[in-house]
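Sequence order for the protein chains is A, B and C.
Residue 6 is where the first sequence starts when you use the working numbering, and the numbers rise one by one after that.
Residue -5 is where the second sequence starts when you use the working numbering, and the numbers rise one by one after that.
Residue 233 is where the third sequence starts when you use the working numbering, and the numbers rise one by one after that.
There's no promise every hint is true.
[Said to hold, decoys possible] The list that follows gives simulated cross-link-like pairs (lysine to aspartate or glutamate, EDC-like), each with its CA atoms no further than 20 angstroms apart:
1) 102(A) / 366(C)
2) 265(A) / 31(A)
3) 102(A) / 53(B)
4) 285(A) / 474(C)
5) 321(A) / 247(B)
6) 138(A) / 308(A)
[What the hints assert, rightly or not] To give a feel for the contact side, a few chain B residues facing chain A, derived at Cβ under 7 angstroms:
7) 130
8) 146
9) 187
10) 188
11) 230
12) 246
13) 248
[Claimed, not checked] Per the computed footprint, the stretches of chain B lying under chain A, defined by three or more beta-carbons under 8 angstroms from a beta-carbon of chain A, are:
14) 174 to 186
15) 196 to 206
Quick caveat, the hints were computed from the structure, so don't treat them as lab data.
Think of the CB as a built atom: it goes at the ideal place given N, C-alpha and C, for glycine as much as any other residue.
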Amino acid sequence: MNNLIRRIALAALALASFSAVAKDIELLNVSYDPTREFYREVNTAFAAQWQRDHGDAVRVQTSHGGSGKQARAVIDGLGADVVTLALAFDIDAIVDKAKLLPPDWQKRLPHNSAPYTSTIVLLVRKGNPKGIKDWGDLVKPGVSVITPNPKTSGGARWNHLAAYAYALKNNGGDVAQAKAFLAALYRNVPVLDTGARGATTTFAQRGIGDVLLAWENEAFLAQQELGPDQFEIIVPSLSILAEPPVALVDRNVDRRGTRKVAEAYLAFLYSPEGQRLAAKHYYRPREPQHAAAADVARFPTLELVTIDGAFGSWAKAQAEHFADGGIFDQIYAPR
Amino acid sequence: MSAVLDLDTTTNAPPPASRARRVMPGFGLTLGYSVAWLSLIVLIPLAGVFIKTSELGFDGLLRVWTDARVLAALQLSFGTAFVAGAFNALAGTLVAWVLVRYEFPGRRMIDGLIDLPFALPTAVAGIALTALYAGNGWVGQWLTPLGIKVAYAPLGIIVALVFVGLPFVVRTLQPVLAEARVELEEAAATLGATRLQTLRKVLLPTLYPAMLTGFALAFARGVGEYGSVIFIAGNLPRVTEIAPLLIVIKLEEFDYAGATAVAAAMLLLSFVLLFAINLLQAFAARRAGRVR
Amino acid sequence: MNRSTSSPTTEPRWLRRLLIGAALAFIAFFLLLPLAAVFVEALRHGLDAYLNALREPDALAALKLTLLVAGIAVPLNLVFGVSAAWLISKHDFRGKALLVTLIDLPFSVSPVVSGLVYVLVFGAQGWFGPWLIEHDIRIIFAVPGLVLATVFVTFPFVARELIPLMQEQGRDDELAALTLGASGFQTFLRVTLPNIRFGLLYGVLLCNARAIGEFGAVSVVSGHIRGLTNTLPLHVEILYNEYDFVSAFAVATLLAMLALLTLGLKALLEWRHGHQLAARARH
């Protein structure tokens, strides 16, 4: 037994010393769930460009997870050089709780610091058996809707707000009716997954639900990965312009001396190559002229409301809808 | 191991502490080390939960603790864990008994599999169980026509917790059963006891402490379980939303104090329950000693 | 144990069969089926896809990290377990039930919370966070954090396994050895240890298995950096979230096989030393 312990300890030490080598420039991009495939390609392309221009090898590490959870990890000390999250509110939280970057971060990069956008669409099963055409169909009895929990998922908040914006518009701005619409919608939700990816799996793999509310890029990806002949994307009459923002984490890059590389990394997202990759991975590029025409042609045009236009700001939308006692909680309050 | 009588005098009525301390070595060393390590790894970090909670103040704490949704989640977590623990205490005892006492093909293999729930990451277990018990799963497709809904219902949570807690009961009972002296059963039989009487009067009393321990462990583990449950539960507020998920939700809102308040409630409740079970177990152990 | 005991100490054959059948049915539903589901999913696209998933560098890095973390956490808990079990089973003192309960506490702490407590202590906003950042010491989102969370989660395993066993065995053997002039440490090594080695082994194996499979707590302190702070269970989650179900389940089978391997080791030990252990149990 003693011998065994000694051997385990030795092995542990050997492993520990083994893992502490390799020193190039390392960059950590803390991102949210649906960007994995996109950033994997961006990281390789950026590393090649940096090596070509500066001769140094850059290795970009990425960390993925629910947007709020990732923001919390950065607040608690995960050493992110850049954050690329699902919504501005989560980066605001990093400013608020840990003061790692200035409050005006969103003004520092073009287009509200969002190099690409997306929107919320409806994914239905092949042939659209329930005949779902728009948000209004989701509250019909017998229609089962899959969406993640807006308390834990950034994507679900966009879903929630898009549905609310639709209801407001169709009821002439009547807040009470819009709330009732949301309540009816959530009554049709049998499972609230904690993240967007979990919801997609529930819908696609478990066969639960008639319609999935999803990021446009996720809907395309799910269609491609999980069976092109099984699902159809339904574009609603109105949706929300989702702007997933990116930001430099000043305190971290200055401590680690990586500001230059990190800035170049974010600039790369706005470059023609970055825009092309975004469109390839189903994100709507800000400058479509740089993307492949075939990729851009996949994006349907539809009426999009913005957070600032329809809800004032993320902070306001968050407080009104998702904070403790907000509209989402009221919907689930005892009736 | 001789002198059954001697054993009686040491376990039956605990002797004055001073005597045991004088005879048995290592009291100071093991006490010091155990308490220090326990404090460092468990108690001091856990104190962080309570200190963070105190930021809420008494009113804030009360507001969290009396929130209907928090109460529903706590009730669900403790209720399902209790049912799963009780089920495991019975089924696990049966499994342990069969594994220790009977010889049958594949016994060793089954024995090896018991620990699977420890080793399989809870998330994988959750995914696998959901795949099995969802309406289109291997098992689910047979249950759905019968009107039994497992996945995305409280029953699914119980299934996941039974899976997670099973090894606790079996592994607690196995060594005790293996050590239980067959001579005692033989003696009882020689003295004219029927098999049932022997089991009830001789064997079972020695098993109660271990069964209780196993139940307590499975129950305690089930209360806090997160990884496997969130996949199979459905997570609907007030219906299938477990307390650990509520903690995560509060964290996602950057409400650390609220999250730790729920955590503190769970900790206190678990602690009280575990303490009660341990007292009960000590009582059962004393009775077991007396029977022998 | 004597398995060929005569009828007074066993049950009638029909009852034995019934009990075995019930136990097997239970095991089949709750253990075998989920396990089978994992393997079926892993092999859905054939053996090649399965093996490719395991050969992936990130999967290997995750495997190494998992073994490293378990390799540090398990011995730490082994020492504590033996010490605590000796204290509780061989001594009488006030507050014993309280101590036992406190040892159990990590079981009842939600994995989410067990990760969170270290974030509260060592996180950037925590008690020691600013000091740690100043001195560039990384605990959370690095290996030490993973080890701490794993130690916490597996804390009671060895102790919990030993306490009932050592209580059951009583103190006579040790008292006899001490009376005959053995020192305390000799008594422990020569008398107690051989008596408890089975239970100790169980405890270590359980502790190890749980350390390897822990998900919730390490997920909080890991930071999820591919190839750096991803343990195997976290890697499974990442793959699953990439819709790479085959790879996810392939890595999960790796974990299942790690468990089966340790259990195979246990069976081997039992087989080689079984007769000695059995002999000791009967005297």
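Which hint numbers doesn't this structure obey?
Checked against the structure, the hints that fail are numbers 3, 9, 10, 14, 15, while the rest are satisfied.
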